[in-house]
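> Take the sequences, apply the hints, and build the full model.
There are 2 protein chains.
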Amino acid sequence: MKLSTLLPAWLRHYRRTSLSGDATAGLVVAVMLIPQSLAYALLAGLPPEVGLYASILPVIAYAALGSSMTTAVGPVAVTALMTASALAPWAALAPAGSAAYATLAAALAGLSGLMLLAFGLLRLGFLAHFLSHPVTSGFVSGSAVLIAVGQMKHVLGVKVDAHNLPGMLWQLAQALPQTQAVTLAVGGGSLAFMWLARGHAARLLQAAGLSPNAADLGAKLAPMLAVAVATALAAGLDLAARHGLAVVGAVPQGLPVMQLPWPGAEALRELLLPAALISLVGFVGSVSVAQTLALKRSERIVPDRELLGLGAANVASAVSGGFPVTGGFSRSVVNFAAGAQTPLAGVFTAMGMAIVIAAFTGLFFHLPQAVLGATIIVAVTGLIDFKTLRDAWRYDRADALALLATAAGVVLAGVEAGIAVGVVLSLGVLVWRSSRPHIAVIGRVPGTQHFRNLERHRVQTVPGLLALRVDESLFFANASAVEAHIEARVAADPGVRQVLLVCSAVNAIDTTALGVLSELEQRLAQRGVQLLLAEVKGPVMDRLQPTPLGQRLRGRVFLSTHEAFLHAAEPRAGADADARAASTSCSASPPGTSEPG
Amino acid sequence: MKLSTLLPAWLRHYRRTSLSGDATAGLVVAVMLIPQSLAYALLAGLPPEVGLYASILPVIAYAALGSSMTTAVGPVAVTALMTASALAPWAALAPAGSAAYATLAAALAGLSGLMLLAFGLLRLGFLAHFLSHPVTSGFVSGSAVLIAVGQMKHVLGVKVDAHNLPGMLWQLAQALPQTQAVTLAVGGGSLAFMWLARGHAARLLQAAGLSPNAADLGAKLAPMLAVAVATALAAGLDLAARHGLAVVGAVPQGLPVMQLPWPGAEALRELLLPAALISLVGFVGSVSVAQTLALKRSERIVPDRELLGLGAANVASAVSGGFPVTGGFSRSVVNFAAGAQTPLAGVFTAMGMAIVIAAFTGLFFHLPQAVLGATIIVAVTGLIDFKTLRDAWRYDRADALALLATAAGVVLAGVEAGIAVGVVLSLGVLVWRSSRPHIAVIGRVPGTQHFRNLERHRVQTVPGLLALRVDESLFFANASAVEAHIEARVAADPGVRQVLLVCSAVNAIDTTALGVLSELEQRLAQRGVQLLLAEVKGPVMDRLQPTPLGQRLRGRVFLSTHEAFLHAAEPRAGADADARAASTSCSASPPGTSEPG
Chain X
57 MKLSTLLPAW LRHYRRTSLS GDATAGLVVA VMLIPQSLAY ALLAGLPPEV GLYASILPVI
117 AYAALGSSMT TAVGPVAVTA LMTASALAPW AALAPAGSAA YATLAAALAG LSGLMLLAFG
177 LLRLGFLAHF LSHPVTSGFV SGSAVLIAVG QMKHVLGVKV DAHNLPGMLW QLAQALPQTQ
237 AVTLAVGGGS LAFMWLARGH AARLLQAAGL SPNAADLGAK LAPMLAVAVA TALAAGLDLA
297 ARHGLAVVGA VPQGLPVMQL PWPGAEALRE LLLPAALISL VGFVGSVSVA QTLALKRSER
357 IVPDRELLGL GAANVASAVS GGFPVTGGFS RSVVNFAAGA QTPLAGVFTA MGMAIVIAAF
417 TGLFFHLPQA VLGATIIVAV TGLIDFKTLR DAWRYDRADA LALLATAAGV VLAGVEAGIA
477 VGVVLSLGVL VWRSSRPHIA VIGRVPGTQH FRNLERHRVQ TVPGLLALRV DESLFFANAS
537 AVEAHIEARV AADPGVRQVL LVCSAVNAID TTALGVLSEL EQRLAQRGVQ LLLAEVKGPV
597 MDRLQPTPLG QRLRGRVFLS THEAFLHAAE PRAGADADAR AASTSCSASP PGTSEPG
Chain A
57 MKLSTLLPAW LRHYRRTSLS GDATAGLVVA VMLIPQSLAY ALLAGLPPEV GLYASILPVI
117 AYAALGSSMT TAVGPVAVTA LMTASALAPW AALAPAGSAA YATLAAALAG LSGLMLLAFG
177 LLRLGFLAHF LSHPVTSGFV SGSAVLIAVG QMKHVLGVKV DAHNLPGMLW QLAQALPQTQ
237 AVTLAVGGGS LAFMWLARGH AARLLQAAGL SPNAADLGAK LAPMLAVAVA TALAAGLDLA
297 ARHGLAVVGA VPQGLPVMQL PWPGAEALRE LLLPAALISL VGFVGSVSVA QTLALKRSER
357 IVPDRELLGL GAANVASAVS GGFPVTGGFS RSVVNFAAGA QTPLAGVFTA MGMAIVIAAF
417 TGLFFHLPQA VLGATIIVAV TGLIDFKTLR DAWRYDRADA LALLATAAGV VLAGVEAGIA
477 VGVVLSLGVL VWRSSRPHIA VIGRVPGTQH FRNLERHRVQ TVPGLLALRV DESLFFANAS
537 AVEAHIEARV AADPGVRQVL LVCSAVNAID TTALGVLSEL EQRLAQRGVQ LLLAEVKGPV
597 MDRLQPTPLG QRLRGRVFLS THEAFLHAAE PRAGADADAR AASTSCSASP PGTSEPG
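Chains as they are written, first to last, in this note's numbering: chain X, 57 to 653; chain A, 57 to 653.
I should point out that these hints are in silico values taken from the structure, not numbers from a laboratory.
Be aware that one or more of the hints could be misleading.
Repeated chains share a single entry, so a pair holds when one copy, or any two copies, can fit it.
Claimed, not checked - 20 angstroms max Cα-Cα, derived EDC-like pairs, lysine to aspartate or glutamate:
1) Lys593 x Glu619
2) Lys443 x Asp217
3) Lys593 x Glu511
4) Lys443 x Glu575
5) Lys593 x Glu543
6) Lys593 x Asp217
7) Lys352 x Glu575
8) Lys215 x Asp272
9) Lys593 x Asp441
10) Lys352 x Asp272
11) Lys443 x Glu326
12) Lys443 x Asp549
13) Lys215 x Glu511
14) Lys352 x Glu539
15) Lys215 x Glu626
16) Lys352 x Glu543
Nothing here was measured: the structure is a model prediction, and the numbers come from that model.
Here it is as structure tokens:
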């Protein structure tokens, strides 16, 4: 095996033509990432340099193992909030901003990374689809509202320490009189600037002669401009010393030191659940962005490899003093739009960030926290999604309610409760729905081999035959309901001698349903009623055949509903006819003769 | 409204002929319930009288609201173990056997009862099917092993305080030299007697002239005989004082005093999760027994009413100094076999228990704990279920592994971890399975209107038409996989001009899948590929029609695959044909002409 096969495929087959796109995109993302990483560190309750640390090694680790060509990894708003929430119970031992707090945050990234790696090795990439879209949307929107309101304290220059929306709003209302004028001017000004830029900058830049793509990118860099101008203002007028404007302050210069974060065994155990939730949320979010972007260029995302890539990124973050990272939405979109062709763009981003932290952290001293807060507010309000709620409300009320409940869980009880509500509702709605399957009594549409619902169509039936089509796979959640339905129908009509289950919509029968079906067959047999099956799918039949029920049903499973009806209509069908006899009875009218025209 | 309509239906329509059966069954169950209720109180770490309290009012409350004619409510082994496990963290503040501990246990019953009542009012009876049969079986078997091994300490007369299987086995092995000879003689003797009785007593009694039913019942009362003989021996020989045999001791005489258990708000909050788990397990177990018995007599169990019945029973248990109760397996079977016709049997049971506690608790003073331990061991070993494991292993490996993982979770990490593992695996297996749907490319079986898998049958296709049958409902767990599959197939064959989705097995499309399908349609359209649907079920179409996707698809949704193929084969089909044109093209060969024979 040659050494080069250890390199990722994109690097082995790298085409020089991709280089300019990758370099441009990588550096544009770095420029965007600087204020973002500082801001999200602030949001997570960590010193600003931690945000920068989390934007170097993790990016390279993802480039080595991930499957997306354009995902830009680093700190993101939602996982930063989840980090703060996970570490809140430790406030007494490890207050926000302390070294112990940073160790816990790095350990959280490490645990999350190991879990993601393990899930990747176990090929559990399907977990990316464990949350329904409405529930994910509700979670993200709820988190965005919580984050945006939570950042208002930085824009106003007041103290707020509540962790849920009502508490925050109450404290903000009470603290309003203490608003610091200069802080509000800087924060409110940059907020207004960035908001206007988001709405109009692209159009203005395009009018000024830039290409649409370049104009879009330029508009995305407006926050960086706000940061630069506000920092220059704060430094020039010495707003921190003279007017008490909160600024970032001294950021240690130099690359992160490698070390294993070890907060103790008990702390690690308590961080397990939060780490699992952060992994799930980060993974689902990152994969959905990656898939959206990949489809635009007919590239392919492999969820199992995304698990490995994000896992490696978080382990890298943990050992380089960072905190949980994942693929960011806006950042990946910028990376894509700026022309990233391969993960080499990420390597350029990491290099840019490394240069900044090695030499230029002094530039951030006068950066006002109010501007960082405003950056976050503008970023997260873009995540609030009313469209999915509106669509779901029209299309499927249960999905819309699951969305609202998840969002309510987040803003009222926090992100962890919210995600728990979301998972339970995603799965609960699924089970609830399939626990009440649609069951139709069917008959033959006169003059055809088509069989339709008795209640919707005028159809022919065979006396003594109860033909039912169950529109759902049979499994633990609905097996008893189906059984009870059949028992009730048979009990209601003493003339029934045969029950035909048409399985065209039964895609699987699990162990629970097999047991129920087997009992049903025996109980029906005791009353002299035969159970027949038709249109059992190949994979389902393969499993059913060798079971005791499969043995007992031999000769009573028909390829088509038509054949089952012919069999049931035979006078001697009840006794000992078997499948061959049934097919013989069909041979008088082989399928060929029914060909129209 | 007449007052009598407030009475349960079984009481309003009570037939005098049922009275003798109900009275006999009620008293037989009471005899069986006496040692059981004492033993399960012991297992839960509670004083013996609590077990008796939990067997009076709860039984009457269930009779008033439940829907089963034969369920016998009271303490059961698994919920007793869960109670002990839930209260273990409180050992410092409320050691087992203390009044504070009893208050916590009653509060647990109260919370569980209120939850069950709330679920009943919200009509969440479908929750009874939230756990798959293999997972339930694994949970019960694991619990039974844990309970049986845990009771060995009473039979040996040694101290064991571990809460998991390896710990218990290790401590038992170490304590073996301290085994008390007299305790082992009493405990081992009754164990051997009950085991033999279970295997052979029914046969012997039948040989002695009893009817099969009576012989079966007599055999079920063997534990009561063991209790009586051992108690008489212990009293006569004064084994407690002379040989240190642990006996039940003084049991307070008199009916329970009504009071509200109030352990404080914080304790209540911490008991919420254990109460929810106890509710779930108790409910699932009770409903499954009730349904098994009801089907034998063509009676009907209404899960929503079972929630109300069990909820009321637990609230009644809470206010009368009891602990969590539910319908017991062996007890309900005995009730059924002894001829219970209505819940009046439960009223007789409660009366019997009330008389015992009001006047005869002195009889229990010399009852050896070793015999109670032996009773529990014999009872729970009957719950260990290898058959489901064996069947699942043959039929569906994933279900078998879920069973084993749940059982392992219980014996290694406790009942709460076990049930969590079980719920996650039940749902995880479900999502995992439906996340990888079977997708077949289909073609027309020559000379028919039947369409089958291209890979399994020799079929005809239409050039430029890719016809796919997705064998699964479309929802959040599989929508992306289906989309990726279709994209890959279209990308692999540039000749494709139309993609037909045959939806005969699609029983539902959720909001997530609708979004994915809508994007897919647009992306295909951009490449000049048309999306067609066929055999969309009525309820699915009703929802799809008013959506933007439904509007765009107008004229491209066909009743049958046959019609879609005819449409696709038309030379001008690609352009602006609509549904009416398509049906017109079919009218040359109306369904009627295809009638065979």
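> Each hint needs a verdict: does it hold in this structure or not?
Here is how each hint holds up against the structure:
1. In this assembly of identical chains, Lys593 and Glu619 lie within 20 angstroms of each other by CA distance solely inside one copy; the values are 15 angstroms within and 22 angstroms between copies.
2. Within a single copy, Lys443 and Asp217 get their C-alpha atoms no closer than 31 angstroms, and across copies no closer than 56 angstroms, so neither meets the 20 angstroms cut-off.
3. For the homomeric pair Lys593 and Glu511, the shortest alpha-carbon distance between copies (14 angstroms) is at most 20 angstroms, but the shortest distance inside one copy (26 angstroms) is not.
4. Taking CA atoms no more than 20 angstroms apart as the test, Lys443 paired with Glu575 passes between copies only; the shortest distance there is 15 angstroms, against 48 angstroms inside one copy.
5. Taking identical chains as interchangeable, the C-alpha atoms of Lys593 and Glu543 are never at most 20 angstroms apart, the minima being 24 angstroms within one chain and 25 angstroms between chains.
6. In this homomeric assembly, Lys593 and Asp217 never come within 20 angstroms of each other (Cα to Cα): the closest approach is 59 angstroms inside a single copy and 53 angstroms across copies.
7. When the C-alpha separation of Lys352 and Glu575 is checked against a cutoff of 20 angstroms, the pair qualifies only between copies, where the shortest distance is 11 angstroms, while the shortest distance within a copy is 52 angstroms.
8. For the homomeric pair Lys215 and Asp272, neither the shortest alpha-carbon distance inside one copy (36 angstroms) nor that between copies (74 angstroms) is at most 20 angstroms.
9. When the C-alpha separation of Lys593 and Asp441 is checked against a cutoff of 20 angstroms, the pair qualifies neither within a copy, at 41 angstroms, nor between copies, at 31 angstroms.
10. Within a single copy, Lys352 and Asp272 get their C-alpha atoms as close as 17 angstroms, which meets the 20 angstroms cut-off; across copies the closest is 71 angstroms, which misses it.
11. With identical chains, the CA atoms of Lys443 and Glu326 are never at most 20 angstroms apart, being 37 angstroms at best within one copy and 38 angstroms at best between copies.
12. In this assembly of identical chains, Lys443 and Asp549 lie within 20 angstroms of each other by CA distance neither inside one copy nor across copies; the values are 49 angstroms within and 35 angstroms between.
13. Taking CA atoms no more than 20 angstroms apart as the test, Lys215 paired with Glu511 passes in neither setting, with 65 angstroms inside one copy and 68 angstroms between copies.
14. Taking CA atoms no more than 20 angstroms apart as the test, Lys352 paired with Glu539 passes between copies only; the shortest distance there is 13 angstroms, against 47 angstroms inside one copy.
15. Neither within a single protomer nor between protomers do Lys215 and Glu626 lie at most 20 angstroms apart by alpha-carbon distance, with minima of 84 angstroms and 71 angstroms respectively.
16. With identical chains, the CA atoms of Lys352 and Glu543 are at most 20 angstroms apart between copies only, with a shortest distance of 11 angstroms across copies and 52 angstroms within one.
Consistency note: the structure conflicts with the earlier hints numbered 2, 5, 6, 8, 9, 11, 12, 13, 15.
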